[in-house]
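Could you fit the two chains together into a complex? Lean on the hints.
The listed protein sequences derive, respectively, from chains U and D. Position one of the first sequence corresponds to residue 0 (numbering that gives the first Met the number 0), numbered consecutively onward. Position one of the second sequence corresponds to residue 0 (numbering that gives the first Met the number 0), numbered consecutively onward.
Hints listed in this document are in silico derivations from the structure and should not be mistaken for laboratory results. Backbone N, C-alpha and C fix where the C-beta goes; we use that ideal spot for every residue, glycine too.
Chain D regions said to be covered by chain U (calculated; three or more residues, Cβ under 8 Å):
1) 95-108
2) 112-121
3) 199-211
4) 260-274
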Amino acid sequence: MFSSIMINTWIVATLVAAVAGFVGFFVVIRSSSFAAHTLPLGTFPGAALASLLGVNTLFGLIAFAGLGVIGISQLGRLGRHEVATALSLVMLLALGTLFLSMSRQYSQQVYALLFGEVLGVSTTEILPVAAIGSLSVAIAAVLFRPLLLCSISPELAEVQRVSSRRMELWFLTILALATALSLPVVGALLVFSLMVGPAAVARTLTDSPLLAILLSVVLSLVTVWTAIALSYLTNWPVGFFVGGLGAIFYGLGRVWRHINTQSRRRAVTCADRTGTC
Amino acid sequence: MSSLLHSVVEAGIFSSDPVRTAAIIGGAAAVVSGVIGVFTVIRGQSFAGHALADISSAGGSLSFLLGINPLAGFLGLALLAAAGIEFIGIRRARERDLITGIILGAGLGLSALFLYFDVITHSTTGAAVSVMFGSMFTIPPSIIPLALIIGFGALFMVALLYRPLLLCSLDSELALVSGIRVRLIGLLHLLILALAVALSAMTVGAVLSTALLIGPAAIALRLVKRPGQALILAASIGLITTWGGIFLAYDSFYWTPGHGWPVSFFIVSLIFVLYIVTGWIQWLREAGSCSQVL
Chain U
0 MFSSIMINTW IVATLVAAVA GFVGFFVVIR SSSFAAHTLP LGTFPGAALA
50 SLLGVNTLFG LIAFAGLGVI GISQLGRLGR HEVATALSLV MLLALGTLFL
100 SMSRQYSQQV YALLFGEVLG VSTTEILPVA AIGSLSVAIA AVLFRPLLLC
150 SISPELAEVQ RVSSRRMELW FLTILALATA LSLPVVGALL VFSLMVGPAA
200 VARTLTDSPL LAILLSVVLS LVTVWTAIAL SYLTNWPVGF FVGGLGAIFY
250 GLGRVWRHIN TQSRRRAVTC ADRTGTC
Chain D
0 MSSLLHSVVE AGIFSSDPVR TAAIIGGAAA VVSGVIGVFT VIRGQSFAGH
50 ALADISSAGG SLSFLLGINP LAGFLGLALL AAAGIEFIGI RRARERDLIT
100 GIILGAGLGL SALFLYFDVI THSTTGAAVS VMFGSMFTIP PSIIPLALII
150 GFGALFMVAL LYRPLLLCSL DSELALVSGI RVRLIGLLHL LILALAVALS
200 AMTVGAVLST ALLIGPAAIA LRLVKRPGQA LILAASIGLI TTWGGIFLAY
250 DSFYWTPGHG WPVSFFIVSL IFVLYIVTGW IQWLREAGSC SQVL
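One chain only, chain D, in its complex shape (with noise of 0.2 Å):
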């Protein structure tokens, strides 16, 4: 038994403390993105939960300068873009574009800046790759605490704004109507959106929390209907692709030649073939509904 489970999982992945390192923390930042993406896609703010991501990777390359905690950091600059974004912002959308764009461009640029200082000062180069890109296996253990704390944190305010915060999103005017502080809840997703971006950016990096954030959600809007089932489905599925993504990672040290594949390939990958696949069984679901009709 124990030989034909190692004939496809290879020896020590559940012994391995970074393997269960980032299995606890890219799953908390599965869980939380998919939930609060739900919101994202619904309320059509990619690109804001995009760009928080990447200003965010300014406060890494910063924690990386300074020294502390880089969980820290990446939340501390996530938290003062969404706070800029929802300050700034006006209510037409042609100008929040804009001014997402522009904020985005200045903390692009604090991060280069950053990240320059980072190779004078500790003369290594890898601080880039890492802030951008994610090092999934290199997390410190000690991270964990701290990052189930504000995944537990934001998933508690989702399940306590569900109500307003679904009914601003399908439908602002009425959100209005019944009473509900429409900025104010847009300020809180917002908000709740940065901690989610802050622990995805930790596991896959900045440049690829999107992923996370608006993959799962996108593939369990195609499937289903009622919000609170996308919810449970966009966890499950930014679960699934994470731990996905790190098992084939740790295993494709021995079936590629001398080093493995970077878990946020694999995790990026299986997400962008669900949505793919999904779109064709939504087109095959329709057209059959529309022969029916017929």
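Only chain U is shown next, with the shape it has when bound in the complex (with noise of 0.2 Å):
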């Protein structure tokens, strides 16, 4: 399992799970999780171009996720906000498959991309996923305050003069980034279960920010670590183990969030009972 085919697995995959577990965060606090799901399976029949034109998937990768940006937020202008997202995602990956259709013999090559592919990540990818990783995290830093305010209360935000659109086409980028990077690793329909999954969690187990960001990066760390050497092991697709222990996790939180406010509710009423004695 660490042998060295295996390292740039881990470093990549490490790398990829610590910038969804981050930018989970705003997805989670924006409850975006259409776009989250949108951009990365939108962003995959760039793949699909870039193999049939035979340059860089990486360059289709973003090319695509700046398409998704675009669609979402232009559309979005217009007409209702989800249905514009639903349309956008519609006509990318009609588009794919469009390319698809060109190209039979790539079957196995799009199995990969939709649901994840560990094996085989060469020293040279290493690098791009790095610094487009640091790319967003970094913009996601210096925006921190006007994001988080913007998401919690659009109405603070205006006043003290924050566009709320602008702040969405930030995000949007953001993560049309962490996007490109995680796809080939998690697959494009399973991304977002990892921007979703771990920052969901982080939220129903503390209300502080940085503490859920921190939670947040842990758990999609322990999430994509447990997938790989899981799917190592058995031989199944990394998707089914990130997706499925996404909601295992999420479960685990809510009835640990549960127990906690009973236990904290017949606190109160004793302390109530004892007060009146």
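Below, the structure written as structure tokens:
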């Protein structure tokens, strides 16, 4: 599992998980699961086009992530936001089916891009992943306060002259960058699972933003490491474990919070009773 | 006359069996999706609709594995997911968005696993593409009766629940005051949605069925104000774009080198273009009415 072939996989997966956990925090507080689902899935045709043209996959991914951002933000101006997201997604995917129909021999690659392929990461791939990952984390860190403000209270942000439209665009850009780098590892369909799952659990456990981010990154790392280890042992797809672990962690988080609030309520009623006595 | 017709329409489109099957099932899927889509768009549940479609792909890939009717597979998982979202679902919209996302992730994980088993046991890699992106011209005609039953069942339920469903979608507080069981109606809406989604997942594929669900409904709601008119318009737009897509895909065998372009590409493109165009129309109309007021 830790042989020299797998070393690159572990490095890349760790980078991906850390970025996804961090960006996921914003996805959860903005409740943009749909956008977090749309961008990766809509970006996936970029890989098909890149392989059709014979250029580096990463260029195709970034180009299509850009198209996705433009589609969601521009169509969203004219109509309902959800509808705009849904239609941008299906249009990009329709282009994907067209590219795929032109190159039948990539069926195996399609499967890998949809559901993730952790084996066979080459050393040359690590540098771009690290660069794009740090860029997206850096933007998020610089814009941390306005982003947080816009997500929690748009009215207050308006008062402080933070343009919520510009913040939306920045948020989508961060999301797109994180997407383009995690897609080849986790797969288009489950990138968002890695973004939503750990961050959602962190949200249920704590109210402090910094603690939530830290927790989200840690959980995301645990999810990815466990998923890769299990995938290596069973040969089953990584995506299955990522999606399943996300749901299990979230379920446990909910149960924990439920027990916590129950016991707190009981403590409060006990205190009331002793007070009246 | 017939030569004129043939210069536009390639020979054999009306006598080809795969095309006829595609037209019937695709048409049924489009009409049902268009009708239920209007409620889905009004309720702001596009994400739930899309999630159900994606999760149903796990059923599709499972049915490949077991060799059962794929429609039954799509339908089973879609119904299961609809029940899951509604039962775990919390009233607050923010929490619902997260729950939908997490169930979607788990469903897609299952889908990945089943497709992996498909690849191993049947040594075909085509299953992923066909489940996710649809294979309209390879639908076996034996599915038609079941598809029509599901389609009519869904439409019948919409007709039965029309007034409470509409009231709940437009104003859930008013509905609650008038004694409608809002949660029950919400669950029934998701179940009808699951029927529609399973049908269209069969035809345009799991990830693209959202186009048939959201597209025609959103276009219709831009053009007309009355809900009844929107339902009919959405169903018609769905039907026209689906048949138009089938027609173009069949024709494309002749004007593209070697092979045709996929049906789903044409259907989605038609819907997308219509959505953009109607957006402009609406914008011009609003600009016009503003200048009249001034």
